[in-house]
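Engineer: Sequence:
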Amino acid sequence: MDILFLKEFRIELIIGIYEWERKVPQPVMLDLEIGLRNSRAGETDRVDDTIDYGQVAARIQTTTCALRPMLVEALAEHVAQLVLSEFDAPWVKVTVTKLAIVRGVKQLGICIERGQRL
Numbered sequence: 000m001d002i003l004f005l006k007e008f009r010i011e012l013i014i015g016i017y018e019w020e021r022k023v024p025q026p027v028m029l030d031l032e033i034g035l036r037n038s039r040a041g042e043t044d045r046v047d048d049t050i051d052y053g054q055v056a057a058r059i060q061t062t063t064c065a066l067r068p069m070l071v072e073a074l075a076e077h078v079a080q081l082v083l084s085e086f087d088a089p090w091v092k093v094t095v096t097k098l099a100i101v102r103g104v105k106q107l108g109i110c111i112e113r114g115q116r117l
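Under numbering that gives the first Met the number 0, the first residue of the sequence shown carries the number 0, and numbering increases by one thereafter.
Since the hints were derived computationally from the structure, they do not count as laboratory data.
Treat each hint with caution, since some may be false.
[To be verified] Calculated cross-link-like contacts (lysine to aspartate or glutamate; reagent style EDC-like; alpha-carbon spacing at most 16 Å):
| no. | residue 1 | residue 2 |
| --- | --- | --- |
| 1 | K6 | E42 |
| 2 | K6 | D51 |
| 3 | K92 | D1 |
| 4 | K92 | E18 |
[Said to hold, decoys possible] Distance ranges between label pairs, derived from CB positions:
| no. | residue 1 | residue 2 | range |
| --- | --- | --- | --- |
| 5 | P24 | D47 | 33 to 43 Å |
| 6 | E42 | V101 | 43 to 53 Å |
| 7 | E7 | E112 | 36 to 46 Å |
Where is the CB? At the ideal position from N, CA and C, for every residue including glycine.
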């Protein structure tokens, strides 16, 4: 299976359980690995034969800005389900990283996998 990836995709949104986190959008970093159903794009050189990463990034940006989730787990699940359903990917791995939220911790987050590797 071929895997398309997006690394260090930064978005800003209201996320968190603490009152101070609910007041101002925070930067969050997403890393995605997306399984491809077929690997014809390498042979055909056509974007129609793969998942358009520009469309993936645009849909994530559009849908997440209004989410306001409490947990990184909820954001990761939203992104995973979006990729699986809207882009017909068989498998996706989503890592959500919050930056400098807890004193002494540079990054924290969650990594989830959904679907099935082919």
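Engineer: Now tell me, hint by hint, if it's right for this structure.
Structural biologist: Against the structure, the hints come out as follows:
1. K6 - E42: At roughly 25 Å apart (the allowed maximum being 16 Å), E42 and K6 break the hint.
2. K6 - D51: holds, 15 Å
3. K92 - D1: It holds: about 13 Å lies between the C-alpha atoms, which stays within 16 Å.
4. K92 - E18: It is violated: about 30 Å lies between the C-alpha atoms, which goes past 16 Å.
5. P24 - D47: 33 to 43 Å: Given a distance of about 35 Å, which is inside 33 to 43 Å, the answer is holds.
6. E42 - V101: 43 to 53 Å: holds, 47 Å
7. E7 - E112: 36 to 46 Å: For E112 against E7, whose Cβ atoms are near 19 Å apart, the range 36 to 46 Å is violated.
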